[in-house]
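The whole structure should be built from the sequences, with the hints applied where relevant.
So the protein sequences, as listed, match chains A and B.
Residue numbering for the first sequence follows our numbering, starting at 1 and increasing by one per position.
Residue numbering for the second sequence follows our numbering, starting at 464 and increasing by one per position.
Derived CB-CB ranges, DEER-like:
1) Tyr869/B <-> Ser438/A: 35 to 41 Å
2) Ser555/B <-> Thr175/A: 34 to 40 Å
3) Gly898/B <-> Phe208/A: 48 to 54 Å
4) Asp723/B <-> Lys277/A: 43 to 49 Å
5) Asp252/A <-> Asn656/B: 36 to 42 Å
6) Asn280/A <-> Asp910/B: 15 to 21 Å
7) Asp723/B <-> Asn265/A: 50 to 56 Å
8) Lys551/B <-> Ala109/A: 52 to 58 Å
9) Lys580/B <-> Gly253/A: 56 to 62 Å
10) Glu553/B <-> Ser107/A: 54 to 60 Å
Source of the hints: derived by calculation from the structure; they are not laboratory data.
Model, not experiment: these values are computed from the prediction.
Note that the Cβ used here is the ideal one computed from N, Cα and C, for glycine as well.
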Amino acid sequence: MERLLAPALILCFFIGSSPVARTQTRDFSPTLQDTVLLSKLSTDYQQHFKEELNQLPSENKKDFQEIYGNRWKNIKEKFDKREIYTDAGAQSYLDALVAEIVRANPSLAATPFHCYFSRSYIPNASYIGEGIILFNMGLFDRLSNESEAAFILCHEISHYILRHQENSMNKYVATINSAEMQSRLRKIKGSEYRKNEQLESLVKGLTFDSRRHSRDHEAQADSMAVVLMGPTRYDPSGALTTLALLDGVDKDGFDLENNLQQVFNAKDYPFKKKWLKQDNGLLGGHARLQEQELGDSLKTHPSCPLRIRLLTPMVGARKRGQAGGSASGGVVDAAKFAALKERFRYEVIEYAYATDDYSESLFLSLELLQTSTSDGYLVGNIGRVMNGLYRAQKGHRLSKVADMPSPGYPSNYNSLLQFIQNLYLEDIASISYYFLGSWHPQLDRLALFRTAYEESARNVQEQ
Amino acid sequence: MCYSKKTSFPVLLAAVVSLSFQAVRAGDGKLSIEKVYSAYLRNSGAITAKNQIKGYFFLYQSDKIDRHTNQYTLQILDENLNKVKDIKFEDSKKLSLLESSYNGNTISFLFKNEDNKTLDMKIYDFNGQLKYSYSREFDKKTDELMKEYETRHTDEGMNKNVFDLGDRGYVSVLPMRDGRQRTYEVDYYSSVNKSQWTYVPSDDAEKYAFAEYMGCTDSLIVLQVEKRNHAMSGKSSSHIVGINFITKKKQFDVDYVNEDQILVPCSVVPLEGTNNLMIIGSYFDKGDNIDKDFSKGMAVYEITTSGKILTKAYNSWAGDFAKYLPANRKGKIDDIGYLYIHKVIRTPDHKLFLVGEGYKRTANALGIATTVLLRSNAVGVTKIMITDMVIMQFDEKYKISYAQIYDKNDNSATWSNISDYNSQHLLATYLKMTGAFDYEFTTGDDDNSNFSVCYSDWVRSSDYKGQTFNSIHYNGKKFTTDKIELKSKASTMRVFPAKSGSVMILEYFKKDKRLDFRLEKLG
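Next comes the structure, spelled out in structure tokens:
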């Protein structure tokens with residue numbers, strides 16, 4: 001539900017949106033998740049985790065068990081919450097992308113791993129442990145070609161084979177239990193005054209050290225990814241174009257406020273400016289905080305221009321060294337790549353709704369509706385979400401399904417959250433009803449639309 | 464410690480919390496950063512502006528500096544519970560934070576320093592930089608008086624002493640004891656330059672005076688002041704006092720006793736678009752004793768900022784109110800009793816709403832038995848019951864045009880003999896000050912175009928038995944009601960005021976030692 005996530009040990013790709021004009025020819029229907037498969041995978045990985053626990057060093061075993069246990073908890077959640085995408089076609093395509101990398105790098109066969117698509121909208125990919133790499137749909141749908149996807153896979157595979165995560169955890173446990181650290185902690189504990197000041201200084205040192213290692217790991221994974229791409233048919237310059245995309249991280253391309261005024265401006269229930277009212281002061285949820293601007297020494301990733309600068313000579317050399325030349329277009333299946341990109345734009349919306357992240361589902365739907373202007377699924381989902389917000393507010397559980405405005409969110413998403421906060425129950429009911437009404441009866445063929453429209457009519461009646 | 468709508472954080476009852484460290488543990492018998500670090504929550508509360516909640520503060524003792532000094536961390540959360548600022552400073556060991564207010568540009572904090580016996584007002588900018596600091600001394604007797612200070616007009620969870628004066632600064636209204644005199648003091652604190660001044664009433668009649676802040680205009684601080692000749696006896700009179708914070712002088716002090724009727728104000732509302740004020744209150748016949756006699760009805764005066772009356776409107780219990788409520792000439796309403804007015808709300812279309820709650824005296828079987836059998840009058844022969852909520856609407860001429868009763872369960876407010884002897888007016892004041900009413904607070908838009916009146920109740924039905932939190936919502940056209948059942952999986956569940964149109968729901972899970980709090984919009 002949190003819009004910005006940056007776990008320290010994973011690769012984060014935040015990419016600005018780039019609306020692509022397209023038309024929706026068929027109504028989207030979400031893939032049914034294979035719960036039997038998810039359950040089986042979860043059980044298998046749990047077995048793997050248990051075996052891993054038995055092999056942990058005996059010294060500081062409790063700490064190791066705790067830290068590895070937390071990692072497993074996170075992995076299990078991915079299966080329990082059905083985040084792992086089980087569509088067989090998509091999985092076999094991803095397997096084929098990976099197979100091309102493994103085929104060209106036979107040494108990888110010695111350390112088996114598995115890649116899955118995650119249904120998350122967050123533009124990210126990550127190695128999460130137990131040999132599992134997740135490729136978020138929210139990142140895949142923004143890529144231009146298979147070579148970019150391959151770079152991301154190679155980057156995560158590098159984290160895996162270089163054991164970055166495990167090394168960090170081991171270092172962490174060793175540091176905290178070291179004689180030097182224990183002696184410093186004892187000394188601090190014995191101090192009568194300025195105890196916390198000394199602790200803060202200690203933590204600061206640890207944090208800087210940990211972040212520096214994290215940045216080093218990212219740079220190593222970038223370099224190794226290019227090395228892994230070298231013998232494949234993928235174009236190594238995919239590394240540079242992917243990193244260039246990263247630079248658009250803070251760009252808010254979607255004019256949400258203008259969009260809301262257009263989409264929810266019904267003739268019988270015109271848009272009210274006060275629905276967008278926001279307080280930009282320190283306490284209004286939209287403040288710009290100085291703390292958000294991290295110093296370089298606290299960043300987990302090197303800056304993208306620096307990463308590009310470091311990789312450019314390597315990429316040039318690899319390109320020159322590729323015997324048969326690289327394929328800038330499709331290596332595995334360009335048509336499938338494009339079809340999945342299109343599908344994933346919808347799957348992330350559906351998953352956000354399924355996981356009670358209504359505000360995100362609404363944001364993504366409105367964003368996509370800009371270019372797919374008469375898309376039945378998107379219209380139906382917007383109505384479904386608005387009805388869900390109505391139910392939640394009525395039942396005093398709105399905060400469980402909609403984020404609150406926060407200085408940590410991008411400004412356009414924050415505007416949507418403020419819009420939700422500014423609506424009274426009768427507004428939500430009417431906005432949904434009149435919005436859906438403008439698509440009635442032409443979208444009545446869709447069950448999602450029909451159900452949402454009928455529910456909105458009942459809500460308006462109730463008000 | 465992280466505050467967000469979905470974040471739960473474990474709390475120990477002593478409120479020992481970690482401020483900024485992530486869990487860094489070590490094995491058995493070994494030290495961890497988490498084990499060594501501790502911070503103690505000293506105070507927490509709401510940050511208000513224009514009678515609305517805009518954020519929250521948490522004052523932690525974050526370190527010991529030396530024998531006399533602590534380091535404190537003042538954590539500021541915005542109206543959505545996001546942490547927006549940590550301010551660190553060093554101060555005396557005996558420090559507490561009384562109240563905080565916000566004016567859009569700065570945040571003010573009124574600290575009480577028990578070591579130096581000073582009240583310190585500190586004004587910070589958004590970057591956490593201290594802009595101005597003001598200090599004044601207080602003595603032991605004043606301190607005792609401050610602890611006793613309870614207001615009659617402040618909503619639950621809202622400020623009693625510190626208020627913003629727009630972008631100019633802040634005002635605090637505090638009780639003061641000087642010898643035998645019990646009076647009050649108004650302190651003005653500028654947020655635009657280093658400037659502070661104090662107003663202390665000098666009038667002899669204000670030897671025993673109790674002041675409450677009622678509101679402000681762009682130049683006036685408006686107070687309601689109840690004055691008495693003697694501390695415990697004598698006739699009291701109710702005044703509206705205007706203090707000009709530009710000229711630093713009292714601009715008017717009116718009690719309206721020389722009119723045909725005596726007005727006892729319960730609320731003052733600045734009239735937008737004019738420099739005038741509207742005063743609402745009970746009225747009595749000239750010569751009545753407002754402590755003993757029954758009021759005749761409710762009156763609304765419009766006055767200038769010099770205190771001159773422009774218009775008067777009277778609504779008698781027997782004539783005007785009786786058209787909409789079954790009220791007699793003393794203001795007693797069938798089954799409800801007398802009304803205590805909690806809130807006056809003026810909407811942008813100039814409608815006026817009064818929020819009242821009933822209270823009535825009934826026979827107390829236990830008290831009668833105790834009096835007869837034990838010859839003791841410790842328990843009163845009557846008891847006071849708190850009854851229903853009543854919303855009354857007044858038209859643009861301030862005449863009542865609508866009233867609606869909202870049923871709730873009657874509950875006993877007091878069993879002591881205070882219920883046997885006191886007048887209607889004193890009883891209502893006593894009930895309000897002891898928190899006996901079910902009314903909690905009113906929340907809504909800045910301009911009151913939407914508002915929700917909130918109160919608690921106890922429900923006993925086949926579906927649910929327990930406490931409920933209720934609201935009566937006005938959307939500019941009609942009223943609707945909403946209810947939150949306070950029985951959940953949590954060990955305890957409480958509702959607090961929050962930003963406009965929302966409430967903060969706090970749930971404590973005893974078994975997990977977990978405290979969840981989240982903001983929810985009222986339905």
